[in-house]
Amino acid sequence: MTKTSRYGRNALVAHVQTWRPYTLWYVGLLGLAGAGLTGGEHQWWALLAAWATPTIGWIGGHYLGDWFDRRLDAIGKPHRPIPSGRLRPETALGCGIACFVAVGALTVLGGWPATLVALLAAAGIVAYSRGLKARGLAGNLIRGLLGALALLYGALLDPGPYLWALLPFVVAIWAHDTASNLVGTLRDVDGDRAGGYQTMPVRHGYRTAIWTATGCYGLTLVAALVGGATAPAEVIRPEGRAPYFWLLALLAVAGPAIFVSLLAHRGDLPVRTALRAHELLVLERIGLAGAMVALGFGLAPAGLLTVAILLVTGWSQARMRAGYELGPASHPAITLPHLPEHS
-6 MTKTSRYGRN ALVAHVQTWR PYTLWYVGLL GLAGAGLTGG EHQWWALLAA WATPTIGWIG
54 GHYLGDWFDR RLDAIGKPHR PIPSGRLRPE TALGCGIACF VAVGALTVLG GWPATLVALL
114 AAAGIVAYSR GLKARGLAGN LIRGLLGALA LLYGALLDPG PYLWALLPFV VAIWAHDTAS
174 NLVGTLRDVD GDRAGGYQTM PVRHGYRTAI WTATGCYGLT LVAALVGGAT APAEVIRPEG
234 RAPYFWLLAL LAVAGPAIFV SLLAHRGDLP VRTALRAHEL LVLERIGLAG AMVALGFGLA
294 PAGLLTVAIL LVTGWSQARM RAGYELGPAS HPAITLPHLP EHS
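So the sequence shown is residues -6 to 336, counted in the working numbering.
If you're looking for bench data, these hints aren't it; they were derived computationally from the structure. C-beta: ideal position from N, C-alpha, C; glycine also. Watch out, some of these pointers could steer you wrong.
Here are the simulated distance ranges between beta carbons [what the hints assert, rightly or not]:
(1) V246 x E83: 41 to 51 Å
(2) H197 x A235: 32 to 42 Å
(3) Q36 x T266: 24 to 34 Å
(4) R81 x F238: 26 to 36 Å
(5) L276 x P231: 24 to 34 Å
(6) G208 x D261: 21 to 31 Å
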């Protein structure tokens, strides 16, 4: 392999790592779910945009987030693309802006309500990455809101007469993604503390963060149950309702088990335990979004799509996740008492 081809391969790998393929497919599934839950006409262009626009925005958010976090990552995760030198900061910034421009172009075609939601999501991404990530629960709530906005965006592209029916599902996704983001902060405590980030586990300890995430997850189950029970018959595909509630029953068992495994550690929480818990929540939330798709579009298409996404997500997590989050096993941790400056 020549030096040029090796450089090109390393650059491509750096971009793919920045995309986080193990989280990439979920947000598009939420957009599709929103498009199916309000009684709209399910026009092909709206369904395509409901999938593509949040997905492109998600990628752009990762680029911008890594650009804002480049100094923090240099402390706790020097193996990541930007601090390791495999991805230039200006390249990451340019790619993030390009993704947002593409989102803007797609969104304008969907009308002003969808455009407003997209603008809110973009503002949320920047606010979270620029400062709220380091400010505890406020950052977790904003990060959780992004998934809920993807659901709402999909609905507003092709709005039906039952837009009100989306509300409990929006609450469910907001609460779930807040819980997931809280769990995600558990594995980064040492680096966040060294970098001056006042996340909930840094400020209040592991157990407070875990119990808060558990409460958010409980709210997810309640809101999702209300959404399924109150959704108008004109919106719901009959073959999707029973599987939806069966999945909620499964989540009511699996979700608490994840949090119990975290609470079992009374002292310091092992990083790999926290990472494993988040990996399970990443898979579990795909099932929740897929069940919402089944309500609006039927069991067969939702099942095929959800299974495919679960397989891709599980494979990419197994191949990439630990190395991206924790670095090579032989890489020493770098912890410098430095408060990063965002610019």
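Here is how each hint holds up against the structure:
A beta carbon spacing of about 47 Å between V246 and E83 agrees with the range 41 to 51 Å that was offered as a hint. H197 and A235 have their C-beta atoms about 41 Å apart, which keeps the hinted 32 to 42 Å range intact. Hint check: Q36 to T266, Cβ distance near 45 Å, so the stated range 24 to 34 Å is violated. For R81 and F238, the Cβ-Cβ distance of about 49 Å falls outside the hinted range of 26 to 36 Å, so the restraint is violated.
A C-beta distance of roughly 27 Å is found between L276 and P231, which places it inside the suggested range of 24 to 34 Å. The given range of 21 to 31 Å is respected by G208 and D261, whose C-beta atoms sit roughly 23 Å from each other.
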